[in-house]
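Listed in order, the protein sequences are those of chains A and B. Residue numbering for the first sequence is 1 to 219, as defined by the numbering used here. Residue numbering for the second sequence is 1 to 192, as defined by the numbering used here.
It is worth saying that the hints were derived from the structure and are not from the lab. There's no promise every hint is true.
Stated by the list, open to error - Beta-carbon label-pair distances, calculated as ranges: (1) A:Ala212 with B:Thr108: 41 to 51 angstroms; (2) B:Arg183 with A:Ile170: 23 to 33 angstroms; (3) B:Gly16 with A:Ala121: 55 to 65 angstroms; (4) A:Ala92 with B:Arg74: 32 to 42 angstroms; (5) A:Arg159 with B:Arg15: 11 to 21 angstroms; (6) A:Leu117 with B:Gly66: 47 to 57 angstroms; (7) B:Gly66 with A:Ala204: 29 to 39 angstroms; (8) A:Glu79 with B:Pro3: 46 to 56 angstroms; (9) A:Thr37 with B:Ser118: 37 to 47 angstroms; (10) A:Leu9 with B:His80: 27 to 37 angstroms; (11) B:Arg15 with A:Glu79: 13 to 23 angstroms; (12) A:Gly90 with B:His80: 24 to 34 angstroms.
Claimed, not checked - Computed, partial: chain A to chain B, Cβ under 10 angstroms: (13) Gln4; (14) Asp77; (15) Leu88.
All values derive from a computational prediction rather than experimental measurement. Virtual Cβ for every residue (Gly too), placed ideally from N, Cα, C.
Each chain, written out:
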Amino acid sequence: MSRQLLALLRRDLALLLFGGRRGGAMLPLVFFLAVATLFPFAVGPDPKLLARTGGGVIWIAALLAAILPLDRLIEPDVELGLFDQWALRGLAEEWIVAVRMLAHWLAFGPLLMLAALPAAALLGLDGATVQTLELGLLAGTPGLAAVGVMVAALTAGLRGGAALAGLLVIPLAVPLLVFGAGSLAPGGETGVALAAAVSLVLLAITPFAGGAAVRAARG
Amino acid sequence: MQPGHIRASDLACRRGDRVLFARLSLALAPGEALHVTGPNGVGKSSLIRVLAGLLPAFSGTVERQGAAALLDERPALDPHLPLARALAFWERFDGHRADAVARLGLETLRDVPVRFLSTGQKKRAALARMIAQQAPVWLLDEPLNGLDARAVTLVEQLVTEHCAAGGLAVVASHQPIALPGARTLAIMDHSA
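Starting from the given sequences, assemble the full structure and let the hints guide the process.
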């Protein structure tokens, strides 16, 4: 089975990073930077205001960027018949969803943390804030990836699934946003640990919820 | 290849409000082939999916021993990848090389993205994927769709060789297919 999981991880990573027609990892990243860049234009160049709100803006941008790739996480593989082929080979959907979750985070989390540096510079965040922000993203992006994969599995095969997926992710991501962005407030450092806890819960649930959703959609 | 067998007893299949077939039984031992016939919509594909375990039977049981390989209308190959790389994923996954590529006339198409292949070429690519799985039980759903006369003969040969080597095959096809020694199951006889 480890051979199968490795083959799967390799394929998923190549797909999510470079993506061919499905669009690679760059699009959400550019989108993330675009949102962070737009904010100073909208609220004006007041450095104090930007420094105070900038961390929250980066979290919102991260959440929005996480929504972009949802429709290509699960749905295309169901349509291509890949999930049926995996089922025939006795590989449980839970494993496939777990590997997809890992690949999705690898193609999205580290790049986002990297892109948060120029975004933080644009918004004038100081060094200590950037450090907390990066820690918070490290704790929170796995949860965002898990929510994304879970919702993508739940909406695979539904008409208008992509739009619905975006709507469903937002409430599920609220705890991550509250703790992650909250950690940037003075004295809010425990938020990082709480965001990590929320992430862990989501990471544990998603393979089972997503696997069950894929099986239920099979007809 | 370990020997496999497949036995279904008293199967019924329902899609929506409609019972497609009922009281259908079949049993295949190593070396046997079964041609499932019938016009469109009588439940050939559903029977294949029930036998594969992908669709729950409305009633009845399916007992299968040995891995099953499925060929249906979806090639299950990444459309944007060149054929060789799309097949390479399944080679790594299954741990067997896709040796049938040359025989299926796909050698010159190795660098062509799967989405540019014609219907028949995609079908042959899916066959290469299925053969490389080296499963004893073959479940083929309309394997002749989109194939030219030469490829049809090739599929007949491949299935015959598979059975001669101790495999078994269930072939659902509305087209005639020449499989020496194969039994025929007309789903119409079991329609409810």
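Hints versus structure:
1. A:Ala212 with B:Thr108: 41 to 51 angstroms: 44 angstroms, holds
2. B:Arg183 with A:Ile170: 23 to 33 angstroms: 56 angstroms, violated
3. B:Gly16 with A:Ala121: 55 to 65 angstroms: Holds, since Gly16 (chain B) and Ala121 (chain A) (Cβ atoms, about 58 angstroms apart) stay within the stated range.
4. A:Ala92 with B:Arg74: 32 to 42 angstroms: Hint violated: Cβ distance 21 angstroms, outside 32 to 42 angstroms.
5. A:Arg159 with B:Arg15: 11 to 21 angstroms: 19 angstroms, holds
6. A:Leu117 with B:Gly66: 47 to 57 angstroms: 54 angstroms, holds
7. B:Gly66 with A:Ala204: 29 to 39 angstroms: 35 angstroms, holds
8. A:Glu79 with B:Pro3: 46 to 56 angstroms: 34 angstroms Cβ-Cβ, so the 46 to 56 angstroms window is violated.
9. A:Thr37 with B:Ser118: 37 to 47 angstroms: 46 angstroms, holds
10. A:Leu9 with B:His80: 27 to 37 angstroms: 19 angstroms, violated
11. B:Arg15 with A:Glu79: 13 to 23 angstroms: 19 angstroms, holds
12. A:Gly90 with B:His80: 24 to 34 angstroms: About 27 angstroms separates the Cβ atoms of Gly90 (chain A) and His80 (chain B), which means 24 to 34 angstroms holds.
13. Gln4: 5 angstroms, holds
14. Asp77: 9 angstroms, holds
15. Leu88: This hint holds: Leu88 (chain A) lies near chain B, its Cβ roughly 5 angstroms from the closest one there, short of 10 angstroms.
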